[in-house]
Amino acid sequence: MARVASEEHELRRVIDEDREVDGLGADDLLAIYRSLILLRTYDERSVVYHRQGRIGTYAIFWNHEAMQAGSVHALADEDWIFPSYRESAIGLLRGIPASTVLHWWRGHPAGWWNPAEHRVASICVPIGTHVPHAAGLAWGEKLKGSSAVAIAYFGDGATSEGAFHEGANFAAVMQAPLILFCNNNQWAISTPLEAQTRAEALSDKAVGYGMPGVRVDGGDVLAVYEATREAVERGRAGGGPTFIEAVSYRAAPHATADDPRVYIDLDRVEEEKRNECVGRYEAYLRRLGVLDDATAEEIKNDALETMRRGIAAAEAEPEPDPELVFDNAYVLPPPGLREGWDG
Amino acid sequence: MARVASEEHELRRVIDEDREVDGLGADDLLAIYRSLILLRTYDERSVVYHRQGRIGTYAIFWNHEAMQAGSVHALADEDWIFPSYRESAIGLLRGIPASTVLHWWRGHPAGWWNPAEHRVASICVPIGTHVPHAAGLAWGEKLKGSSAVAIAYFGDGATSEGAFHEGANFAAVMQAPLILFCNNNQWAISTPLEAQTRAEALSDKAVGYGMPGVRVDGGDVLAVYEATREAVERGRAGGGPTFIEAVSYRAAPHATADDPRVYIDLDRVEEEKRNECVGRYEAYLRRLGVLDDATAEEIKNDALETMRRGIAAAEAEPEPDPELVFDNAYVLPPPGLREGWDG
Amino acid sequence: MAEKFLVEAVNDALHVELARDETLMVMGEDVGRAGGVFRATAGLRERFGENRCVDTPLAEAGILGSAIGLCMAGWRPVCEMQYDAFSYPCLDQLITHVGRYRWRTGGKMEFPLVVRMPYGGGVRAPELHDDSPEAYYVHTPGVKVAIPSTPADAKGLLAAAIRDPDPVVVLEPKLIYRGEKQEVPEGEHVVPLGQARLAREGTDVTLVAYGAMVRVCERAADELEGAASVEVLDLRSLRPLDEDALLASAAKTGRVVVVQEAPRTAGFGAEIAAILAEKAILDLHGPVLRVTGFDVPYPYWKIEDRYMPSVERVVGAARKLLEF
Amino acid sequence: MAEKFLVEAVNDALHVELARDETLMVMGEDVGRAGGVFRATAGLRERFGENRCVDTPLAEAGILGSAIGLCMAGWRPVCEMQYDAFSYPCLDQLITHVGRYRWRTGGKMEFPLVVRMPYGGGVRAPELHDDSPEAYYVHTPGVKVAIPSTPADAKGLLAAAIRDPDPVVVLEPKLIYRGEKQEVPEGEHVVPLGQARLAREGTDVTLVAYGAMVRVCERAADELEGAASVEVLDLRSLRPLDEDALLASAAKTGRVVVVQEAPRTAGFGAEIAAILAEKAILDLHGPVLRVTGFDVPYPYWKIEDRYMPSVERVVGAARKLLEF
Ligand SMILES: Cc1ncc(C[n+]2csc(CCOP(=O)(O)OP(=O)(O)O)c2C)c(N)n1
Ligand SMILES: Cc1ncc(C[n+]2csc(CCOP(=O)(O)OP(=O)(O)O)c2C)c(N)n1
Ligand SMILES: [Mg+2]
Ligand SMILES: [Mg+2]
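Residue numbers (this note's numbering), protein chains in the order written: chain A, 179 to 521; chain B, 179 to 521; chain C, 132 to 455; chain D, 132 to 455.
Mixed in with the good hints there might be a few duds.
[Unchecked claim] Derived DEER-like restraints, expressed as beta-carbon distance ranges: (1) E177/D <-> E493/A: 29 to 37 angstroms; (2) D152/C <-> E181/D: 53 to 61 angstroms; (3) R272/B <-> E177/D: 39 to 47 angstroms; (4) M132/C <-> E501/A: 25 to 33 angstroms; (5) E181/D <-> E476/B: 36 to 44 angstroms; (6) R465/A <-> E181/D: 51 to 59 angstroms; (7) A435/A <-> K383/D: 35 to 43 angstroms; (8) D200/A <-> E378/B: 48 to 56 angstroms; (9) F455/C <-> L510/A: 32 to 40 angstroms; (10) E501/A <-> N182/C: 39 to 47 angstroms; (11) A435/A <-> E181/D: 28 to 36 angstroms; (12) E185/B <-> E188/A: 18 to 26 angstroms; (13) E501/A <-> E356/C: 30 to 38 angstroms.
[Said to hold, decoys possible] Here are some, though not all, of the chain B residues that point toward chain D, as calculated from beta-carbon distances under 7 angstroms: (14) G273; (15) A366; (16) A373; (17) A507; (18) P513.
No wet-lab data here; the hints were simulated from the structure.
All C-beta atoms in this analysis are idealised placements derived from N, C-alpha and C, irrespective of residue type, glycine included.
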């Protein structure tokens, strides 16, 4: 009976093994730290803004920062990012202003960016449905002879969707340079991983698509970086897609509207919180002597300042023109579109 | 990188290894032969009937008989069969009259049977979409405490569909007693297997669902029987679903409307035809001394007679009442359904 | 009778029906452990066990497809789609199989399944949490569609859908899930499919609506108080449709405005207008007007109120008709 | 000008457009090696290579979903769905993404993709090879829909769809794929979206149709010759819709019959009737009548002709209207 050897299921780790990643100098390590802090700060401030009624329902990504920052650092600027709602702020790492993402969560049209500008696709709300988009983009870039790769982020729950399956298979068949990045935080809202799949590991799915599948500790930003870098290199070299399963844990509610107490084991959550990804990396950098208090402080203040300016800018934005109801749907709108409009 | 050991990809064989299958006596072997001949005869006659204009477009299953007969013989009467169009006549092995199936291909309402009667679901035309049905049925039987299992037939092409994926995953998560029987005839109309998947073997997909996956020679009716029997036993014992990849070759056109000459290698087809499944089994039985000329002749004549009577009965059936347009859609039809009817 | 929110009435119906019929099961994403993201299925898993209130994998086509198989095994599944727009992955199963399987069996088998989901806009949510997909469902042969606008009807129509031998899609207006508490009959309560409700009687103009738009019409009626006597017809079920009630009201007032949140083109409002154009042409004192959403993606929520049919737009249409 | 079958005109359009625009690519199941099950894509792979005429895996949502990504990479994909009913698995991508992605980018990106497919009944095929799904498509915001009824229009509308900067679904009536050869302009030929075609001029009654139903209406007009002067309006595109042509014809004849193969409820015929009920009410001499398929699964082919709108049913409706 076909099965994957169990050593394949071991998680790649860097931090806990106190390894170093080839080719990463102190500047790189600090850049990664900066990204982690920016994301963490974005997330924590957003929860506060939500409580203050300044943004709408918000999907928290606390303890997911290592997966996002680690993987993005392995990309080149030409590479495309396809985020789900869980990676709503990943564009910050590509220069999208915090105010833009805050606008998105404020239901303001200014929250929508031009994907081509930063090579960050629109935030995908319906689970797994962006995987075929990313496959098509990666395939299309390859057809053009470009060296760009694409990365699609999705959760453990997404692997149950037909769209994920069709996209993964397309990527494999077309040998598209796509990284299928699975954030396995072990929950899909209230549904635990064992009610989602019987696979021993989600990375085993790769075998059925004929693509490499790897598993990393999703709380280890350097392991994520390293695994993604390999996948990017493979894709750029014509080796097709890679499935990365990053194993972590959703240590916060699914979203601000969710109350996990009815379904989650709070002790486990506390345990995971103690091992959260930013602190782990920070301790590692301090062990290495790359980070000192002053630098850490400065980076955190920068991030806070970015958020302060972001929310101020978002709140300073005038209320949107209702005419935007009609503006962006068609290049050549059909006549009669405004039938019944009272504007 | 996760992969399945290559010995797992070897095809289970019985006939070519001149093995015998435990527990199968001469009567069983002849019963299987009878089924093979019935299916073969149905298929060959249907192609003739189509040429004669007596049935409509028809999906040929020549050289698929071993997969169908071998697996059905491993089922008990309580078990459910979910056929695709490629297994249109599989119900014959459960006592559905040939005339019924011929009606189906004649576009006559008498071609639709009551699935509950023979535990054979309706022929599924849209690819892969019956896999979730079979998963639901198997799960539902299990919930009732019944010991029935279900088998769903689908092609290599079907494994690309989201519906296949969602159904397979449901079966695994619910530990439903389902056999996912993949007829890998290496073509989906004109699309060859290598344009369908990059998997080394379709059975590798099982790993990603956390279910056993096995590979058999689809031209070897006893290997198919044996593999299915194991899967049935596992399902009945609470061991959940099994994926069976039966490797064969589509040695006939996809359907009567298809002209494979534009896309297929005809030499390869001729080679496969020489090794077709009924002849292989017949030779085996003769080697074993289980089959002699007289018995073979009688069985073939019986099958021909079944078809003669089947087509006669189908053709004797009165033209359907047009009122059937409205009859079967709802138990409690909404008013106004016949608005505009000129009957 | 207790006062309940609409979503509580849904929950009540599920409790009552699951207790009444052992073959009933509820399934969907997060319906079990969490009791549903709107808590429509709260308490069911605790009371009826995890086999009768099932947290499924995240796969809408898998949910609806396996529900078909469950029907074949003798179960009556009530499937939840978490939100309107997340039901689209199940459209293939719905169109291809749910609406056709009974027909395919020559009428020999029944597929008494229910698909229920929160639907509609106005809730300040990220995109794809706001759609009104009823036209996709009602255009699909073999499927019935019900849409309550009050807590009592939410309970009664869901019970009717559950007991109906045919597949029924029940769309629950999430905007008013916790809008206003109203009396809901205790215990078994069934509102037959196919009977419209005269939410308000009047003689000058009829406002035809369903779901959350019924309240918009009622408020429009209030606004027109004095100027015109307004009838509000709550369709309650789109298939079977209570054509008699529609035609009777059109005959009485001679003026009809149809209100729907969904995009305009080929929405259910068009069907209502078409029926009137076919069967009430001599009764009409003026055009049949539609107040609808627009043929554009449901907008960013900061401006969603301008997309949704408003009291003003409905009043405007009614006035136009009255002055015609 | 050469005489061509409708499906040959489709093939011609693809040849011309692929040659004209290097960013165009054709993709779908069996479009390459086999040239399509109806041979609509014959010769493309040989001429333009396997990268511009791609045999995809068997996955409709995968096809349409990856087409979105291809657009983002600068390609203009023309996706084939092998048959009408096999397009349903792509509805989720269509509704959720194809129609919304441009909007989502604040109007910054274009998604100039085309989905084309054979559609409609009457071809003596097994089930699910006969559907008329236009209502699902035209109800979907952000998407345009064109349906040719002649070989020349099949070429011209497909070219227009390909050149249109928005997503367009083109439904090709397979019943008349090889119905009648007609003149088709050579080389580039574009029929703009949104312009109806007066297939026949008349003064007493208007028959409104599209696709294969246009011929049924023409035959009905023949039948009524002498009894009435019949106008036949071929809509050619459902969105954008040529409302002016519709209203002009209704104003001229005062009597309108709408014909569609699709199930009746909330089909596109309802939209036409609703527009007339809204904007032509004073022009109408009688009800707007619909001749349609029924709200049941498309039937077994032995009796499909009784489901399809027939010349008799159209003539009957027209007579009823003339006698009203
Ligand atoms: C197609 C679809 N179905 C349902 C939902 C509702 N929903 C939002 S998040 C979520 C759980 C997703 O879990 P997972 O894929 O593990 O990602 P995570 O939220 O854990 O990052 C669900 C069911 C949706 N957004 N899209
Ligand atoms: C959803 C869907 N898409 C497309 C088709 C058209 N179609 C019919 S058979 C076929 C190929 C199927 O190949 P495979 O799954 O390998 O089964 P086989 O025919 O080889 O037995 C296709 C594309 C269909 N029936 N359903
Ligand atoms: Mg998750
Ligand atoms: Mg095949």
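The hints, checked one at a time:
1. With their beta carbons about 60 angstroms apart, E177/D and E493/A fall outside the hinted range of 29 to 37 angstroms.
2. Roughly 56 angstroms separates the CB atoms of D152/C and E181/D, a value that falls within the hinted 53 to 61 angstroms.
3. Distance hint for R272/B and E177/D: a CB-CB separation of about 46 angstroms, consistent with the stated range 39 to 47 angstroms.
4. Checked against the hint of 25 to 33 angstroms, the pair M132/C and E501/A fails, with Cβ atoms roughly 47 angstroms apart.
5. At about 52 angstroms, the CB distance of E181/D to E476/B disagrees with the hint of 36 to 44 angstroms.
6. Checked against the hint of 51 to 59 angstroms, the pair R465/A and E181/D passes, with Cβ atoms roughly 54 angstroms apart.
7. Between A435/A and K383/D the Cβ separation comes to about 56 angstroms, which falls outside the hinted range of 35 to 43 angstroms.
8. Distance hint for D200/A and E378/B: a CB-CB separation of about 31 angstroms, inconsistent with the stated range 48 to 56 angstroms.
9. At roughly 33 angstroms, the beta carbons of F455/C and L510/A sit within the given window of 32 to 40 angstroms.
10. For the hinted restraint 39 to 47 angstroms between E501/A and N182/C, the CB-CB distance of approximately 52 angstroms leaves it violated.
11. Taken as a hint, the range 28 to 36 angstroms is violated for the pair A435/A and E181/D, whose Cβ atoms sit roughly 48 angstroms apart.
12. In this structure the hint that E185/B and E188/A lie 18 to 26 angstroms apart at CB holds, the actual value being about 23 angstroms.
13. Checked against the given bound of 30 to 38 angstroms, the beta carbons of E501/A and E356/C, roughly 32 angstroms apart, stay inside it.
14. Interface hint at G273/B: violated, since its Cβ lies 23 angstroms from the closest Cβ of chain D, which is beyond the 7 angstroms cut-off.
15. Because the closest C-beta pair between A366/B and chain D is about 5 angstroms apart, less than 7 angstroms, the hint holds.
16. A distance limit of 7 angstroms between C-beta atoms decides the matter here; for A373/B the minimum to chain D is near 5 angstroms, and the interface restraint holds.
17. Annotation: A507/B was flagged as interfacial toward chain D, and the flag holds, the nearest CB pair being 4 angstroms apart, inside 7 angstroms.
18. Because the beta carbon of P513/B sits about 11 angstroms from the nearest beta carbon in chain D, more than 7 angstroms, this interface hint is broken.
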